[in-house]
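Q: As a plain string of letters, each chain reads:
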Amino acid sequence: AQRVTQPEKLLSVFKGAPVELKCNYSYSGSPELFWYVQYSRQRLQLLLRHISRESIKGFTADLNKGETSFHLKKPFAQEEDSAMYYCALSGYGGSQGNLIFGKGTKLSVKP
Amino acid sequence: DAGVIQSPRHEVTEMGQEVTLRCKPISGHNSLFWYRQTMMRGLELLIYFNNNVPIDDSGMPEDRFSAKMPNASFSTLKIQPSEPRDSAVYFCASSESTGELFFGEGSRLTVL
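Going down the list, the protein sequences come from chains A and B. Quick note on the working numbering: the first sequence kicks off at 1 and runs consecutively. Quick note on the working numbering: the second sequence kicks off at 112 and runs consecutively.
What you were told as hints is all true, and nothing was included just to trick you.
Example chain B residues on the side facing chain A (calculated, C-beta under 7 Å, incomplete):
| id | residue |
| --- | --- |
| 1 | G153 |
| 2 | D167 |
| 3 | E211 |
| 4 | F214 |
| 5 | E216 |
Some but not every residue of chain A turned toward chain B, in silico, with C-beta under 10 Å:
| id | residue |
| --- | --- |
| 6 | Q45 |
| 7 | R49 |
| 8 | Y86 |
| 9 | A88 |
| 10 | I100 |
| 11 | F101 |
| 12 | K103 |
If you anchor each label on the Cβ, the simulated ranges turn out as follows:
| id | chain 1 | residue 1 | chain 2 | residue 2 | range |
| --- | --- | --- | --- | --- | --- |
| 13 | B | T149 | A | S40 | 18 to 26 Å |
| 14 | A | A1 | B | E211 | 23 to 31 Å |
| 15 | A | S52 | B | A183 | 26 to 34 Å |
| 16 | B | D167 | A | P7 | 25 to 33 Å |
| 17 | A | E67 | B | M150 | 24 to 32 Å |
| 18 | B | P165 | A | S55 | 32 to 40 Å |
| 19 | A | H50 | B | M126 | 37 to 45 Å |
| 20 | B | M126 | A | N64 | 41 to 49 Å |
| 21 | A | N64 | B | R133 | 38 to 46 Å |
| 22 | B | E211 | A | E80 | 16 to 24 Å |
| 23 | B | R219 | A | A1 | 26 to 34 Å |
I should point out that these hints are in silico values taken from the structure, not numbers from a laboratory. It should be emphasised that the depicted structure is a prediction, and the values quoted were computed from it without experimental measurement. Glycine included, C-beta positions come from ideal geometry on N, C-alpha and C.
All chains, full assembly: derive it from the sequences and hints.
A: Right, dumping it as structure tokens:
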């Protein structure tokens, strides 16, 4: 069965500290993985996708098929990074139809 | 474009009443999705449409839930009769065929 697991409900770090939000997935084929973010009072929006291999707002995520993980990392957290982060999986190559979301991790960056 | 527009933003109703949630996708997007968000289960896909046709409704909890998309610019999610366990935030999202999902602000439903 397709499943996305985000083991941490809440992650609290100090400004300038490295941050890693964990995401593990279960899928038998070749998945597409995404990170979505929801800032306070804003809509849920795409942060990055693994096929793009890009860094957005200093965040990167590498797909590790051996460990079935797609952890989100940033070397130096900023207060404006505080938000709810969702890892998501799509089993439809190239399309984001039928995205399966994890339960989310709330990141709190303290000054 | 104002983005995906959902209404109402908040709805409080009593058990047994009919609830209708509305969504206007971004113009030009041909896929529309309804998600439900709860503390316990997170974000769950209820149903999605492609070119106004329902493609996958396996996430719809039960027969009390129904969704329609009569045209490319409008969709509804109806719950009849509503129950307290339906209380959640319901999100609508739209996308182009292979594009990212654009979410609405959500409709917060409370069933007493």
